[in-house]
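Model the full structure from these sequences, guided by the hints.
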Amino acid sequence: MSRRERKVAMPTREELLLRALKDLGDNELKEFKWYLQKPEVLERFPIIPKSRLDKADRPDTVDQMLQTYCENTLEVTKKVLRKLDRNDLVQILSGPNSEPLAEGFLGCQKNLKSSLIKKFQGSPENVKKGGKPTVKDETYIKVSLTIEGGAEVNKDHEVRQVEAASRKAHKPETSIRPEDLFKGSPGRQEPIRTVMTQGVAGIGKTVLTQKFSLDWAKDKDHQDVHFTFPFTFRELNVLREKRFSLVELVHHFFPETKEAGICSFQEFNALFIFDGLDECRLPLDFHNTEVLTDVTESTSVHVLLTNLIRGKLLPSALLWITTRPAAANQIPPDCVDLVTEVRGFSDAQKLDFFRKKCRDEKLVSRILPHIKTSRSLHIMCHIPVFCWITAGVLEDMLETREGGELPRTLTEMYIHLLRSQAKVKNSKSHGESDVDPQWNQASREMIKCLGKLAFDQLQKGNLIFYESDLAECGINIKAASVYSGVFTQIFKEERGQYQDKVFCFVHMSVQEFLAALHVHLTFIKSGNNLLEEQQTASWMSKLSRRKPNLHQTAVDRALQSPNGHLDLFLRFLLGFSLQTNQSLLRGLLTKPGSSLQADQETIKYIKDRLEDNLTPERSINLLQCLNELNDDSLVEEIQQFLGSGRLSTHDLSPAQWSALVFILLSSEDLEVFDLKKYSASEQGLLKLLPVVKVSSRALLSFCNLSEQSYRVLCSVLSSRSSSLRQLDLSNNNLWDSGVKTLSAGLESPHCKLEILRLSGCKLTWRSCETLSSVICIQSSSLKVLDVSDNELHDSGVQLLSTGLESHHCKLETLRLSGCHVTEEGCASLASALSSNPAHLRELDLSYNHPGDSGVQPLRGAVEDRHCRLETLRVEHCGENRLKHGLKKYACELEMDPNTAHRNLKLSDNNRKVTVVTEEQPYPDHPERFDSCCWQVLCKTGLKGRCYWEVEKEGPVIIALSYKRISRKGKSSDCRLGWNDQDWTLMCTEDKFSFWHNGKQKEVHVPYGSPVSNRVAVYVDCPAGALSFYRVPLTASDPLIPLYTFNTTFTEPVYPAFGFGFGFWSYNSTVSLCEL
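In terms of the working numbering, the sequence shown is numbered consecutively and its last residue is 1414.
Simulated from the structure, these hints should not be mistaken for lab results.
Since we're looking at a predicted model, the values are computed, not measured.
Note that CB positions come from ideal geometry on N, CA and C, so glycine has one too.
Hints should not be assumed to be uniformly reliable.
The following label-pair restraints were derived from C-beta to C-beta distances [unchecked claim]:
(1) S1174 / D362: 32 to 40 Å
(2) H591 / R896: 41 to 49 Å
(3) D560 / K361: 22 to 30 Å
(4) G926 / E975: 34 to 42 Å
(5) N366 / R1204: 21 to 29 Å
(6) D1013 / K701: 38 to 46 Å
(7) K361 / E1214: 54 to 62 Å
(8) E518 / D365: 26 to 34 Å
(9) V1201 / Q1117: 26 to 34 Å
(10) N779 / P901: 40 to 48 Å
(11) V821 / R896: 31 to 39 Å
(12) K1330 / E1046: 29 to 37 Å
Right under this line is the structure:
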């Protein structure tokens, strides 16, 4: 295109600006001109005086801006449009036709796009040499991309990270489309220049960047970008000793720009993609590297990259960097505007991939169900590369062999991968394919060399290898090229610019598999244990070095690893000891392998190590190792306990605790974790903490937690990887100090908690001060706060109201039931709603004493159309609600004579019952207990919160029952404690027994302890909690908790009393106490 033609085709700056202003409404134009007068908005650009803009129409405004800003007019316009949230117009002004561009641009762009299409359009199955797997639309599955809070370094083994990510596959995350990476989000003030995308090896980062580049090259998307320049650190590593300017570096990799004579990129919207930061061997130093601003000045490649990333060099450029999580900290956080993570395949995406890969629906119908039978395979298929490996292996096995066992462990899967590659190798060598190939000498030599390379580089932590790395392992470039041409699904040769060669295994798991195979084969052939730090040459040491010692050494080395980098290696090494796997490797082995006894010794050693109170991650990997050895005894034992409901967790060994964690983490439903199902104790929480981390809801009420629990929960809340959205700590002795401890986690920018329940936690007004600061933090996600049944008083409510007034507060529900709130506290809440009416929808003030004058302003808020408050609860209020503790819920009860057994005598206005020998002359009644059930119900059914105390003499039964409990006969349906209609306390002289549906829990009375004869009962029907207490002799002392039933009440419940101890019960009494 000639310069004259370009002037006709390209709109001028004046035309572009006028088009944008015409798209603004009159009010938007008025606001646009207002921003042009604000120096804090325009920053380094001058303002335009109000007098010059007041009467200016759209063309006049354009003239004023061009006169003031000249060549910076469009930049200023886009800055102001962002303030107006008109990002649509910003994109138009940033498009390829937004301003005149350099001569030859369109031709250069067309040629670059053509080259990228040629480079990236292909199929991973057909890759021989020359690069990473490339994009094929027919098999491409769009992986999920989630927004993260920051570039937090995760140095755990990536299999651990994949396991963690797989548990999040069905949880809601803040996601973003790749095409929107640089567009920002509504309300974001600053533009996005640099994006970092994290993900474990093989998760799809490279394919994602290639698909992005391909869509740009095919004009499908991202057309606001003029140039896309995709680099890999593998290619850049080769240039570490050379010098380039930024322009020369672009010319070097993308010669189309050099041919077009483009020597500056300031006027272009250019995107630089740098793939594989974790593979970077350049010395990136962001603190000591000299500053470089000239794109034409030559320097070292690492200096170019450092200044480009820092924004000193070509600040107008967009940058997209991909990396494995462990390398994310190579770039300072302040140089990155957005951090995202590739999470891999969901179950639906796995199915989609297998359908596209295999085509044959019958094969797919067998492959996917088989994968789900193995937790290891199912989790690893979260990684696209492993899906590709699995699809190839299983497709080959199902097509070439009817029936037969499919691989169920990782070791089996990778052995079959190796066998299939050997079969291909034999086919290439002899022109035919053997269904069951025997290893020939050439295959054994290749495996030996690749195994040594894999092991040596694993020890160094390298995943990519250059000529110098190969030389250290005795492999020359020619041999490496041969290996990559034969074992195409195991080992790859990649060619950079001018055919610089780089080698790697297709995935880190393949490297770990071959490394383990190398150690295994070396030990069998020579007796040398490569894992021992010091090798001794004495014949006695070789004689004593049996296989269990190799495995025990490997177990110990793996447990010593700080980040679990030998976890997968250990699984493979142990898996080789099985006879079935050794049969598959027949031909590589020159001696028989380990005996069954050796396997059992290894299993015993692993189980012994599981008793050492290891970290959850290490314990889980050892259980995975047992799975590779086909030993699931620990897991099956716990599953039997769970299935029978006889899980006595207080007696579990450390190994059994680990198995329980393993089972719970393997569960598909991790939405709700209720600690009371397993162990309502602090020990239970600490042991099962990994389950809490991955659950959405953690129910920890009535679990006797202490300060140690709150510290660990604080770490969970502040962790970026936590999935916790709801936390129920009700009825634990949290105290104000516990809230203070939790607040550090609640205030963390990583905390995603939306619902927090702290009912009945012994809090005072001091906790309100802490919680007030939490709810007004801008990053807080808290929507529901329940602090009911705490003595907060008006002073505490006033402090909470301060937080409610903040415009950062997102609280929608606040429960203050039973908190000693009066008219004064209500006035504070009404004032807060007036100041910030935008969020709170429900306010619970039941069981308080607000008075009519306190309720009236709050009712007015409900009726105010500007206030979002919809529900105000003020039922069960009155002066008696200001009593201390649970006595504010005291209720009046009366025993029902129509239900009393004839051997029970009621007195004191039906508030006392006594067992008597002579039958009472009660009339017949269908609700009366008969036979041996000496029981009586109260008249009134309870629905809300109620508290009462009873005075007892002799052995008695105190219960809460549905009215429909059976009354006639001797069956368990009639007897308190023996059916599912009631919840019962049986009191004797030396113990309390708690019964429901025939199941018992005993609490013994400490010998010699001074006690009264009173028992207190508190029921919170909506919460499903029924608690029993001993009443102390001194009224000022606190109640002594005995036991709490946690259930769901589906109908009103009735207090009940009984005596079921034969002649020992005569003269026993129960009296309802005055409170």
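Do the hints match the structure? See the list:
Distance hint for S1174 and D362: a CB-CB separation of about 37 Å, consistent with the stated range 32 to 40 Å. Take H591 and R896: their Cβ atoms lie about 44 Å apart, and the range 41 to 49 Å holds. In this structure, D560 and K361 meet the distance hint of 22 to 30 Å, their C-beta atoms being roughly 27 Å apart. As the Cβ distance of G926 to E975 is approximately 35 Å, the hint placing it in 34 to 42 Å holds.
A hinted range of 21 to 29 Å for the beta carbons of N366 and R1204 is consistent with their spacing of about 24 Å. Range check, D1013 to K701: about 42 Å between beta-carbon atoms, so the 38 to 46 Å window is met. Take K361 and E1214: their Cβ atoms lie about 59 Å apart, and the range 54 to 62 Å holds. As the Cβ distance of E518 to D365 is approximately 33 Å, the hint placing it in 26 to 34 Å holds.
The hinted window of 26 to 34 Å between V1201 and Q1117 holds, with their beta carbons roughly 28 Å apart. Judged by the Cβ atoms, the range 40 to 48 Å given for N779 and P901 holds: they are separated by roughly 42 Å. Against the hinted window of 31 to 39 Å, the Cβ-Cβ separation of V821 and R896 comes to about 33 Å, which satisfies the hint. About 30 Å separates the C-beta atoms of K1330 and E1046, a value consistent with the hinted range of 29 to 37 Å.
Checked against the numbered hints above, the structure breaks none of them.
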